[in-house]
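Enquirer: Sequence:
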Amino acid sequence: MTAVQQPGTERREEIEANLADVGDAVQRSSSVNSTHPPRLVAVSKYKSASDILAAYNNGQRHFGENYVQELCEKAAELPSDINWHFIGRIQSNKCKALAGKLQTIDSEAKARKLNDAWESAGHPHALNVFIQVNTSDEESKGGVEQHQVEGVACTIAEECKKLRLLGLMTIGSIEGSHQRPNPDFLRLCQLRDDLNAKLGLNLELSMGMSDDFEHALELGATNHLRIATFLTTRAQSAADLISFLPATAFTSHDLPFSPYWRISAPIAVVEEAYHNHDEWVTKSILPVARMAKFSSGRSIQEYAEEVWNIEHQPVLNCGL
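Counting from 1 along the sequence shown, just add 729 to a position and that's the residue number in the working numbering.
It cannot be assumed that every hint is accurate.
[Claimed, not checked] Derived CB-CB ranges, DEER-like:
1) Ala-926 - Ser-849: 16 to 26 Å
2) Ser-779 - Asp-866: 14 to 24 Å
3) His-852 - Ala-886: 15 to 25 Å
4) Leu-930 - Asp-866: 22 to 32 Å
Source of the hints: derived by calculation from the structure; they are not laboratory data. In this text, a Cβ means the ideal position worked out from N, Cα and C, and glycines have one as well.
Sequences and hints are given; from them, build the entire structure.
Expert: Okay, structure coming up:
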């Protein structure tokens, strides 16, 4: 572990508040239906080691990363007792580098490679893994097709003695996240029940992210939550929201920042920014929750397509 710069007071307090808010929401939603408190995995991709350290100092121990190099670099400089979860797509040749940090399996081949890597490293205990399931049948989504899940589960159980199948994981569709009940969550629950019955397992579920984790808890069927809002920056006004954008956003269409930089803002703040600020800037803050409704009744996605003919992925994802 190398020395990591401590976060400033304002940023530290912001992360503390985020942790408290998420903890309160989890307690409200899980108190009736969940028999065990879920494990919270703070999605920390693109976030600084300083931000992660602030959350760590407040008791957060599980963090999720989407990219191999970023995860390995952060793991080398942050406390060794952090539990890292790799939650992105993984190439088979990267399994050895990620052994011990991988959360999801999306093919029989990767299960075998990970098993071999874990065994060759000499670990005495089995590695817990989840099967990632494509519950929405979207080509853009990673994961095992629903009809292939049983085959992957059997491969892990019968051939991969150094792996322990802990559960199933899904990243549902945007459309599904606004339906109640969420069809992707229901499919994963059904798959879990079917596998438990056929194979004599007791599988956990990893479903629910920043925008829909409360509903996942309401179903009483999730054990792991992947939440990015631990480490988001809050915008309390339209001016705040715009101020978080780089200055080049006002002058250039070639924006130099990541499409996954997340901030948090209430829907009213986003609506004000849409109506009162430069057209290009408001294009670039199209939120993830595109089906959320403005006061006019139109969804953010409908508004953007009508006013600016936006049909592409936004430059900046803004979590509400």
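Enquirer: Could you run down the list of hints and mark each one as holding or not?
Expert: So, going through the hints one by one against the coordinates:
{"no.": "1", "hint": "Ala-926 - Ser-849: 16 to 26 Å", "result": "35 Å, violated"}
{"no.": "2", "hint": "Ser-779 - Asp-866: 14 to 24 Å", "result": "40 Å, violated"}
{"no.": "3", "hint": "His-852 - Ala-886: 15 to 25 Å", "result": "19 Å, holds"}
{"no.": "4", "hint": "Leu-930 - Asp-866: 22 to 32 Å", "result": "24 Å, holds"}
Against the hints set out earlier in the document, violations occur for numbers 1 and 2.
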